[in-house]
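Enquirer: Which chain is which? The protein sequence lines are A and B, in order.
Using this note's numbering, the first residue of the first sequence is number 492, and each one after it goes up by one.
Using this note's numbering, the first residue of the second sequence is number 492, and each one after it goes up by one.
Everything labelled a hint here was simulated from the structure, so no lab data went into it.
Where hints are given, some of them may not hold.
No copy labels: a pair is met if it fits in one copy or bridges any two.
[Stated by the list, open to error] Mimicking DSS-like on lysine-lysine, the simulated pairs with C-alpha atoms at most 27 Å apart in a straight line are:
hint, residue 1, residue 2
1, Lys637, Lys603
2, Lys512, Lys677
3, Lys634, Lys588
4, Lys644, Lys634
5, Lys644, Lys603
6, Lys637, Lys588
7, Lys626, Lys540
8, Lys660, Lys637
Computed from a prediction, not measured in an experiment: that's the story for all the values here.
Number of protein chains: 2
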Amino acid sequence: MKNRIITISREFGSGGRTIGKLTAQKLSIPCYDHELIEKLSEKSGFDPKYVSEQSEYTIKSRLLSNMFSSSRPYGGLNNQDYLWKIQRDIIIDIAQKESCVIVGRCADYILKDIADCLNVFVHADIDFKAERIVKIYGETSEKPEKRLIDKDKRRAAYYNYYTDSQWAKIQNYHIALNSGEIGIEKCAEIISSLY
Amino acid sequence: MKNRIITISREFGSGGRTIGKLTAQKLSIPCYDHELIEKLSEKSGFDPKYVSEQSEYTIKSRLLSNMFSSSRPYGGLNNQDYLWKIQRDIIIDIAQKESCVIVGRCADYILKDIADCLNVFVHADIDFKAERIVKIYGETSEKPEKRLIDKDKRRAAYYNYYTDSQWAKIQNYHIALNSGEIGIEKCAEIISSLY
Numbered sequence: 492m493k494n495r496i497i498t499i500s501r502e503f504g505s506g507g508r509t510i511g512k513l514t515a516q517k518l519s520i521p522c523y524d525h526e527l528i529e530k531l532s533e534k535s536g537f538d539p540k541y542v543s544e545q546s547e548y549t550i551k552s553r554l555l556s557n558m559f560s561s562s563r564p565y566g567g568l569n570n571q572d573y574l575w576k577i578q579r580d581i582i583i584d585i586a587q588k589e590s591c592v593i594v595g596r597c598a599d600y601i602l603k604d605i606a607d608c609l610n611v612f613v614h615a616d617i618d619f620k621a622e623r624i625v626k627i628y629g630e631t632s633e634k635p636e637k638r639l640i641d642k643d644k645r646r647a648a649y650y651n652y653y654t655d656s657q658w659a660k661i662q663n664y665h666i667a668l669n670s671g672e673i674g675i676e677k678c679a680e681i682i683s684s685l686y
Numbered sequence: 492m493k494n495r496i497i498t499i500s501r502e503f504g505s506g507g508r509t510i511g512k513l514t515a516q517k518l519s520i521p522c523y524d525h526e527l528i529e530k531l532s533e534k535s536g537f538d539p540k541y542v543s544e545q546s547e548y549t550i551k552s553r554l555l556s557n558m559f560s561s562s563r564p565y566g567g568l569n570n571q572d573y574l575w576k577i578q579r580d581i582i583i584d585i586a587q588k589e590s591c592v593i594v595g596r597c598a599d600y601i602l603k604d605i606a607d608c609l610n611v612f613v614h615a616d617i618d619f620k621a622e623r624i625v626k627i628y629g630e631t632s633e634k635p636e637k638r639l640i641d642k643d644k645r646r647a648a649y650y651n652y653y654t655d656s657q658w659a660k661i662q663n664y665h666i667a668l669n670s671g672e673i674g675i676e677k678c679a680e681i682i683s684s685l686y
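In isolation and in its complexed conformation, chain A is listed as follows (with noise of 0.2 Å):
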């Protein structure tokens, strides 16, 4: 595969996708964030907002979906292990096609030892990330910091869920940056400063 992807991975509130994005942007090639979620819900035919959460977050209790699934109607799949098989082909594809920024999604562990790519991972102190996702998301009846640990908890544990890797492990990441103490914009600078 001749073509050169960048993966961010990145935790909830860090500004991971916007790094991604302005990469992109100064590499002059595309960023499949979103577009990915579209993909994803036109190949299955889930709705998007559905798609979104289940094919990043490990579902509240995997137990109780498995043991209500009872139809599985994808050669016995559940609707999120349906919806990893069909995200780990999107993401194959994409890789094939074109250089690229591709955020979340493992696709890290996916184009792992099939692409040439350049892994990242973005955090930030949870102040900076409180208060950018009130910006950004607005409040609700959660606390910020609350709503910060759960989305990570849950990223996490649906990345170590399907791969046999660890997510937020140093050595999985050839960069890993702080983008409170960086700043976005630095940051996206030297990402790109790296393809």
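Given chain A's structure and the hints, the job is docking chain B onto it.
Expert: Chain B alone, transformed into the frame defined by chain A:
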């Protein structure tokens, strides 16, 4: 504290020390690595070789050491605890005196909340590190891979014992770099651009 300190934590064989030296050169500030061992040896009265081993690696059996360290000449502390105490004082003293790079020795933890730090972690793939340690330190009866694992295990245990934090935890560093993939020179360039 007005000085700015770069702390470099690193896997054994990853070239973290070389990156520290290069970064310091680029910024025209001193780099403390062996210099720290000399200061520690001078202040404690212990041999530099002994100090080097005891000030960054957990002793093979802490329990045995405690059992046989019956004389405890340093106010009830064993040698390693005594060296930790002096090392801590020396690192704080250096950070108060000047901007600099400090390699290893829990400096990121010791200076947390008391100095303006840029905390860096350097790691690399095992093949890169194995080749590097054989080139630098020569062959031994033990396989390089075994030497790498052993050293990092003891470095991590030392860090985790003397701090209430965790060695190589991605969130503890402002930037983490895979030196084998990025290159030693480029790592130093990125770090100094963040200073």
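Enquirer: For each hint, tell me whether it holds in the structure or not.
Expert: Consistency of the hints with the structure:
no.	hint	result
1	Lys637 with Lys603	between (32 Å within a copy, 25 Å between copies)
2	Lys512 with Lys677	both (13 Å within a copy, 23 Å between copies)
3	Lys634 with Lys588	neither (42 Å within a copy, 42 Å between copies)
4	Lys644 with Lys634	within (16 Å within a copy, 38 Å between copies)
5	Lys644 with Lys603	both (23 Å within a copy, 26 Å between copies)
6	Lys637 with Lys588	neither (39 Å within a copy, 41 Å between copies)
7	Lys626 with Lys540	within (21 Å within a copy, 54 Å between copies)
8	Lys660 with Lys637	both (22 Å within a copy, 21 Å between copies)
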